[in-house]
Every structure is written in structure tokens, then in C-alpha cells.
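Colleague: The lines below spell out each chain.
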Amino acid sequence: MDLLGFIIILVKVLVVFAATMITVMGMIYAERRVSAFMQGRLGPNRVGPKGLLQPIADGIKFFMKEDLIPSGADKPIFILAPAILLIPALMTFAVIPFGSSITIFGREIALQVADVNVGILYILALTSIGVYGIVLAGWSSNSKYSLLGGLRSSAQLISYELAMGLAVVSIILLAGSLRLNDIIADQQGYFLSWNVFKQPLAFIIFLVAVYAETNRLPFDLTEAEQELVGGYHTEYSSLKFAMFFLAEYANMITAAALTVTLFFGGWDVPLLDESSLGLLGAILSVLSFILKMAFFLFLFIWVRWTFPRFRYDQLMRLGWKVLLPLALVNIFLTGGYLTLTAMK
Amino acid sequence: MATIIKSYEPTFWDKLYFPALLKGLMVTIKHFFRQKVTIQYPDERHIPPDGYRGLHRLNKYPDERIKCVACEMCAAACPSNCISIIPGPSPWDDGKERYPVRFDINLLRCIYCGFCEMACPEGAIELTEIYDFSNYSRDDLVIDKDGLLGVYELTKKQNYYTKKSHSPASLPFKTERT
Amino acid sequence: MPFIKIDEKEFEVAKGITVLQAALANGIEIPHYCFHPVLEVVGSCRMCLVQVEGMPKLQASCNTSIGEVALDKKLDGKYDMVVNTQTDAVKQERKNILEFLLLNHPLDCPVCDQAGECYLQDYTFKYGNAHSRFKEEKRVRPSESLGSNIVINQDRCILCSRCVRFTREISGTNELFVQNRGYHSKVSILKDKPLENLMAGNVADICPVGALLNTDYIHKNRFWNLDTIPSVCQDCSAGCNVDVFSQRDEIFRLTPRENHDVNGYFMCDIGRYGFHRFEEIERVNQPLVRNGKSFDVIDWAEAIQKTADLIEQSNGKTAGIVSPFHTNESNFLLGLMINGMLGMLPAIQAEEITYPSGFRISADRSPNQRGMNNICGGLAEDLSSEIKTQAIRGLYILDDGVDRELDDAWKEILAKMDFLIVQSYAMTDLAKLAHIVLPGLAPYEREGTITNDQDRIQWLRPSLSIKAESKPDWEILMLVNNALNKKAENFTGLDDVIIKMGEQFPNYSGITLFKIATQGIALNGKKM
Chain A
1 MDLLGFIIIL
11 VKVLVVFAAT
21 MITVMGMIYA
31 ERRVSAFMQG
41 RLGPNRVGPK
51 GLLQPIADGI
61 KFFMKEDLIP
71 SGADKPIFIL
81 APAILLIPAL
91 MTFAVIPFGS
101 SITIFGREIA
111 LQVADVNVGI
121 LYILALTSIG
131 VYGIVLAGWS
141 SNSKYSLLGG
151 LRSSAQLISY
161 ELAMGLAVVS
171 IILLAGSLRL
181 NDIIADQQGY
191 FLSWNVFKQP
201 LAFIIFLVAV
211 YAETNRLPFD
221 LTEAEQELVG
231 GYHTEYSSLK
241 FAMFFLAEYA
251 NMITAAALTV
261 TLFFGGWDVP
271 LLDESSLGLL
281 GAILSVLSFI
291 LKMAFFLFLF
301 IWVRWTFPRF
311 RYDQLMRLGW
321 KVLLPLALVN
331 IFLTGGYLTL
341 TAMK
Chain B
1 MATIIKSYEP
11 TFWDKLYFPA
21 LLKGLMVTIK
31 HFFRQKVTIQ
41 YPDERHIPPD
51 GYRGLHRLNK
61 YPDERIKCVA
71 CEMCAAACPS
81 NCISIIPGPS
91 PWDDGKERYP
101 VRFDINLLRC
111 IYCGFCEMAC
121 PEGAIELTEI
131 YDFSNYSRDD
141 LVIDKDGLLG
151 VYELTKKQNY
161 YTKKSHSPAS
171 LPFKTERT
Chain C
1 MPFIKIDEKE
11 FEVAKGITVL
21 QAALANGIEI
31 PHYCFHPVLE
41 VVGSCRMCLV
51 QVEGMPKLQA
61 SCNTSIGEVA
71 LDKKLDGKYD
81 MVVNTQTDAV
91 KQERKNILEF
101 LLLNHPLDCP
111 VCDQAGECYL
121 QDYTFKYGNA
131 HSRFKEEKRV
141 RPSESLGSNI
151 VINQDRCILC
161 SRCVRFTREI
171 SGTNELFVQN
181 RGYHSKVSIL
191 KDKPLENLMA
201 GNVADICPVG
211 ALLNTDYIHK
221 NRFWNLDTIP
231 SVCQDCSAGC
241 NVDVFSQRDE
251 IFRLTPRENH
261 DVNGYFMCDI
271 GRYGFHRFEE
281 IERVNQPLVR
291 NGKSFDVIDW
301 AEAIQKTADL
311 IEQSNGKTAG
321 IVSPFHTNES
331 NFLLGLMING
341 MLGMLPAIQA
351 EEITYPSGFR
361 ISADRSPNQR
371 GMNNICGGLA
381 EDLSSEIKTQ
391 AIRGLYILDD
401 GVDRELDDAW
411 KEILAKMDFL
421 IVQSYAMTDL
431 AKLAHIVLPG
441 LAPYEREGTI
451 TNDQDRIQWL
461 RPSLSIKAES
471 KPDWEILMLV
481 NNALNKKAEN
491 FTGLDDVIIK
501 MGEQFPNYSG
511 ITLFKIATQG
521 IALNGKKM
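Residue numbers (the working numbering), protein chains in the order written: chain A, 1 to 344; chain B, 1 to 178; chain C, 1 to 528.
Next up, chain A with everything else stripped away, as it sits in the complex (with noise of 0.2 angstroms):
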């Protein structure tokens, strides 16, 4: 590889860190607004224009406090936990393509960070990862709270990726790749070619088992406040817990990322040619991916307040007696599908 595109790689990494860190302030500003909205109230507007800089305010409030670590925690455990939480929910981000491809002197780069050929794979590997960090957290902090709210994070994680990996099963059943841009690249064309449309169970089992993933509600059992205090994040205070706020919301934003490349098309704009129009294109499709994410972002948001918290034998059966069994339905009535297309 050459020193250019060494720094092109750079210079994206660099790019799609800042723009994840720059969305999880904006989330955290936007959850807060939403759900305020939709209780009839104003939320936080006061700091900054309409409250914008409400966000600064709260990390610079972590900042501020006291990191307490207690004395019977597991201390480097403890201390690691977070990083093994967060570090994998940026790593996730590395796949997705965000973008078309632009042409820079005489270079084709594409947007994206990395474009492995087992895209789906090594996000899965990586959320998975990410479930270590829960576990490890709770365990770690000494505290009965913490503790069950990492082992209900494992159970919940662990059932809802099957559901979820069988899900997109299907989707790989149709695109006969593990590579992103060849899942995107399949849905090109008009709305209808949208895996959404291809594959509805599929998406609706994805769509509930992410919420599952990333422990939002209604599936936040790891941190339901009413039973557990703070879940598998009780003990943690400061920064750390800073980075346990961070890691759910890139999380979130990883999730609706690879929600809108599976099943909407990813960076696709419908019924455009994005490489015929160059630059203009790109953006266009730098744009459409956005829009996507923010919908999903905002989606995420609109049923956290709408809905309430699942018991956990519900949630349970939801996942093994529910999801489970329709995801798999869904990959023989693809692949009978895609049998009896081939014979033909």
C-alpha cells in the first residue's frame, strides 16, 4: 500500500470516528429533547441555543466527578470493562459503507473504512465482543445489581444474535455474499429492489432483535432502573461511566447503520445512478445514507418512550419460541425460493 492511500485510510478512519462521536452528542441531546416533546415538555434549553450545547455540558459534568471505584471490585477488570464495551462498538463502524465512491485525483476512493469480504461476519463477531464488556462490568463491580444485570445482558444478547444472525442469513441467502457492498450493490434500483420489501420478516426480526443488542427499551432489562439501580453499570461513576453512555449510543448508531445497509439500500438513492452523476452522486448518497440513519436513530428514540420494558421470561420466549423460529422459516422459504428460481 502506498503512503496516499495510508493516509486516505486515515483521513477516513478520522472522519467516521469524529462523525460517530459527533452523532452520539447529538442522540444524547435528541433523546432528551424527543422525550420531552412527547411528554409535553421543553427538556433541556437552556445551555446554548435551544439547549444544543446540553451535551457538552453533561461530558464536561463527567469530567467534573468523583471516579469511584469500589473496594470490592476486581480493579483492572473493572477498569478494562468499558473500554471492551466501547472499543468494539467503534470498531463496528469500520465496514459500513457510508457512501458511494468519489474520485480524487484520479483515485477512486470509496467510502468506507475497510472493505472486508466478510463484513457481516466481523460485525457479528464484534457486537459479541461487545457482550464481554457487559458481563465483565457487572461481574467485576462486586454488587448484586451489576451482577444480574450482566448476566441478563448475556442471556438477552446471546438469544437475540441468533434470531438475528439467521435473519440476515436470508439476506445473504439473496446477495450470495458476506461483503456489504455486495448486499448494497444487490438492492440497487428502484425502492422495490430494497431488501425491506424482499425480505419483511426478515427486516421486523432484525429490527427486534437490534433493540435487543443494544439493550434499549424494550428490552433493557441489563438496566432496568425500577429492579436493578443502574444494571451492570451501577458501581460505575465519572468517565467510565461516560464511556458505558458512549458505547450504547454508537452502538445504537452502528445498528441503525447496518439496519439501513441491509435492508434499505444502504448509501442508495432509488431510481439514481449515483456513479453516472461523480461528486454530485456521492454526496447524494452520503446524504440518503444519513437520512436513513437519522430515521432509525430517531426510530430508536420514538419507541424507547412509547413502549414499556418486557418482563424477562416474556422477553425469553419472544426470543427462542418467536423470533427464532420464524427466522428460520424465513431462510427455508428463501432458499425454496432461490432453489426453484435456479431450476428454472
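In case anyone wonders, no lab produced these hints; they're calculated from the structure.
Computed from a predicted structure; not experimentally measured.
We put the beta carbon where it would ideally sit given N, CA and C, even for glycine.
Accuracy of the hints is not assured; some may be wrong.
Over the 10 angstroms line for every Cβ pair with chain B, so calculated as not near, a few chain C residues [claimed, not checked]:
(1) MET1
(2) LEU103
(3) CYS118
(4) TYR127
(5) ASN149
(6) ILE218
(7) ILE229
(8) PRO230
(9) ASP269
(10) PHE295
(11) TYR355
(12) ALA426
Quick look at which bits of chain B chain C covers, simulated, 3 or more residues with Cβ under 8 angstroms [stated by the list, open to error]:
(13) 65-73
(14) 78-92
(15) 105-115
Chains B and C: place on chain A using the hints.
Modeller: Using the frame of chain A, we list chains B and C on its own:
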């Protein structure tokens, strides 16, 4: 007699759950766009509806005579014993004979029930719409006759609060609020 | 004895009493205005109308006396009279009477000082109509001063004529009369003869409505705000029973309390307004000790010790001066402490006044002269000469709180004394000469028993709280006595002192405050 209540049997449509979920989402999004109920207190002030029971006032006749005849009906009706009156012969020759030499209301004791208003035979004591009269000392929250008459001056012509008024006129307490 | 039935109650009554008296004595309420137990019956208010069986019309119960009928004429074979107070006719009659009485009444209860103790209010509430049918303009007449602290509000007057009869029969001064006739009637005075006698205040008390008012109390307070303490007047030896009305440590008025053995229903104006004397006095709030021309403040323990030391050093040459203004207990304890020569300062005398009704203002204007004489055996007849002959060096004076002119002999004695201890609530002339001043309690603050000039022991009850560092007088004397004599008895309360007093003076044995209660006890079983 035991009544048997049949539990609701969900239909297939109900069992799909998604229609109900969408309905729920519609409710919240409707609220998202609705007028918000929060009032930005120091910047804007809530205007209480008519009949709101806030700070008291002592009414006067147009010619500045105090309506109160110090009959102590309000003090007798008061369930929290917050009114103390010292009567005296009236300085005006209007056939009313009595008038309050001192008229103190302990605003901390008062429960704003409005019984004094109802008991008053002269329509002299009234509760106004003023609700934000907090102060820094307990002594200052015992409002005297001059204070009550001052409240009357503030509220006789118009509502104490106007829409979006940032700072209404200061109240006639013993020490100025900061 | 006639046997009668009123409503469903049956009882025997004395022959010749009225239906109203019989009913009141047996707990049956018949509303009335003009009737007063000691005044002549006029039957002018018509409020007490009742239905007497066999009579064609309703009868004024205050003016219908009960007699015995022949055996064969008894109603139901046993009753001499059957009276109904609750029939529809009676109820309707009461409503009508009240409507008439209220025709021109201004209904100004909020500004009326009688409100709360007004019979017009009470009866209207209980028996009257809720509304008046009188739509015309009400008659408005000006208030008038009748003299001697009494004003009359003509609008409120119901012309019961209690006040008029009072001046005729009780005070015998005849100032009040009903002027004009019919619609124009009003209680009035002659121009050159205002209501000026020492019993004038009572007309405001006996007025059942708010027509006659006492200017001393008018617009000062409301009746229901006041705490009422039954006590005894302290302005003369007659010892009239009074109710003291106070609020927040301030006395607002005194009214006579019914006691047929002492004052009947009335009191004089000297006593009625006497409490004002104690409102603005120069109080002694802390024990004081002389330092040159001025006083230093010292604490109680020191003051008691100093006093005891002075008395001890005098070697029995200390004389005690008791006071006819103090309670029996205080005087008794001073006698117990000095155990030598006791005497008193010149008595305060004035003219004795007796009214035709028998009401009496004693010549002796100190409340407890008789008690003091009873309790302190061997009072020196002529104290000033005794002091000289016995070479007394110190005086312990229970001060009256009254400034009096002392003659030259006394002034000389006081100047010659080695020490002068004055127990007083006020900075009197005597206290100003003292070496040590011990702050006691003022009248209406102190509690104890006093004996009136008819040998009736009565309970003086406090209405006001103890001011500053003052102590009850008996307690001060007990403390000094204990400092002097280690074996002296330690009294825990007034009752202890009274028991001890009873041991030394058989007249006072067996007395407790509980037995005295509100009506007092005649000493030695002697009735007045």
C-alpha cells in the same frame, strides 16, 4: 353473587402485536408535535384562572376608606389561625365605627382556603391571583395592613400577571425581594 | 308545695314563684329579655310567652306565678299547673316577637361589641326567622353618651328597660328613664343628670343586647377571643367576685360574677376599671441591691442569701411589715419567717358606700385586711413607736404597691434603719429607699387566698403570666425563710402553705383551693 368476568380473548390481529405497536407510536408522535405545557417560569409567568386563591388583599372604597370593620369574622373562620386583628374606633365618620388598627396575616400559616373571604361581611378581604411571593425570612412573610392595602393597589385595576411579563411589580413586603 | 309539669318534666316548686323561675331552676330554657332575677318584673319584652293549660292565650312566664289549686281542680288529678314551652303556638309567637324586635335593628353584629354574648343573636339563631319581611327603610338614630363610660346605641335597643329598673332599684339613682311613647320610645337621661354613679358600669352588663356599651371596652376586642378567669376584685375589702377577660397577657375587662354570698350580680366601677392601674407601672423585673444612690442587678440566689444574712446579723431586731394587699399565704409566710415583731403601714381608708339594694363598697380599700389580721397574730398596734422601744434595726416590708403619704415619724424610722428589704412588684417610694428589692408579682398575676371583711375566704386566680424574673411572693418568702432556718419546711405549692396555715390558725383549717372553688367559703362556718 359472584360475577364471572370473561377475560379478553385476543384475536389473531391482536396477536400480531404490530398494529398495536404502531398505534402506540402514533400516540407519542402526536404528542411530539403538540403544544408544550411547560412554562418558562421566570421568563414567562402562569396567569392563574379566575378564582385562584393566592396572596390576600384588603379592599378599599373609592374614597380610600378601608372596607374592613375589624369584626374578626375572618379570624374566627380561619382554620389555621393565621389572622390577627387589633380593632379600634374608625377615623372616618361613615357610621362603620370600627376599623382595623392592625391587621396581620401570617402567610406561612395560611392554607389559602378562602374561608376568610367567605366570612367577610364587608367584602374587605380577598384572595388575589398572586402566587409567587416567597421571601427570605419568616418575619417578612407576616404581611401587615399596609402590605395588604399595597396588594390591593397592585391588583385593583388589572391582573398582577401579564402575558410574558418578565418582572411583575414588586410586592409590598417589609423588605424588598432580591 | 305546688306540683307542676313543664313540658314533660314534673317537679315541686315553692309557692308563689313564677313559671320562668321554676323553669330556669329546673334546666328548662325559656327565652327572655326583660326578666332579671333581682329586678322588678315588668313583662315588657313578651319573649317568655308560654302556653299554660287552661288559659285562653299565651302567658308571660316571668309574670305568671304558681299557686296551689283545690284538690278536685287539679289537672290530670295531680298537677297544679301544666305549662308547655314547645308548642307550635309558642314557637310561632317567639318568631313573631323576634321579627318585631329586629324590625329596626341595624344587624351590625360585625361591629357590635356584644356579638357573641348577645341574647338577640342567640335567640334569633335558635328561635327566630332566617329572613325579615320588613322591606322598608330602617330607622336610624344616633348613639348617645349617657355619661360615666356608658354609651347607648338607640338602634340596637329593644326597650326591655332592665337598665331603667337597675337605676331605680339597685343603684337608687334614677338617672335612666324611657322617654317618649310607642314608636318614639327610647332610653334616655335628663340633660342635667347624666348616669354618674359608681355602679353605672353594670347597666352595660345587664343589657341583653348591644345597646348599652362600656366605652372602656368598646371596639377593643371580640368576646370569643378572650380567656375568662373567675377571680376576685382587689379594690376593696368587700371582695366582689369577678370574671377577668384577658387575651395575650392583656386584661380587657372585668365583669361581675354571680355570688349571692358576696356581691350578688353586680360590682362597682372602682373595681371594674381598677385593673388599668397596673397597666403602666414601673416594674421591678430583677432582684436589685443598693449601690450608693442607684441599684445593681443581682441574681436570685445571691439576693436571697444577702437578705438572709442581713436578717441574721440583726440578731432578731428585724421587724416584718405585712400588707393587706397581699394574699393570706404571703402574709403568713412573712410571719413565719420573722417570728418577732409584725406590723403594718397605715391602712388605706375611704368612705363606705352602701346602695339601697344592699350593695356595698367597703371603707377599707385593701382587699385582704381581714385575712392579714387573722393570719398574723399579734400585729403591733402602733408600729412606729414599737420600733423605737424595741430598737428594731431592720425592716422586711411586703410592699402594697400603692404609693402612700408617710408621716414624719415613719420617714425618720425608715432613714434610721440599718437595712430595708422591700418585696415589691413596682418601684414604689418605699422600694426606692430599700437596700434590697425582691421582685414579686403584681395583682392579676398572683395567686392565693384572700379573706373579705365578712370573713369569707376566696380564691384569687391569676390572669396574666409572670413577668421577667419575678417570683411568686410566697415563694420568695419561703426561699428566704429556708436560707435563714435550715429546718424550715419546703412548700411545693400553695396548697402546702394553706395546710400549714390551717395548722397554726384553726379558723383556716380544712381549707383547700378546691373547696374554695369559685364561690368561696365562710370561715368558721359563719355565713354572711
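Colleague: Now look at each hint and say whether the structure bears it out.
Modeller: Evaluation of the provided hints:
no., hint, result
1, MET1, "holds (47 angstroms)"
2, LEU103, "holds (19 angstroms)"
3, CYS118, "holds (13 angstroms)"
4, TYR127, "holds (22 angstroms)"
5, ASN149, "holds (14 angstroms)"
6, ILE218, "violated (8 angstroms)"
7, ILE229, "holds (21 angstroms)"
8, PRO230, "holds (24 angstroms)"
9, ASP269, "holds (21 angstroms)"
10, PHE295, "holds (35 angstroms)"
11, TYR355, "holds (32 angstroms)"
12, ALA426, "holds (27 angstroms)"
13, 65-73, "holds (count 5)"
14, 78-92, "holds (count 3)"
15, 105-115, "violated (count 0)"
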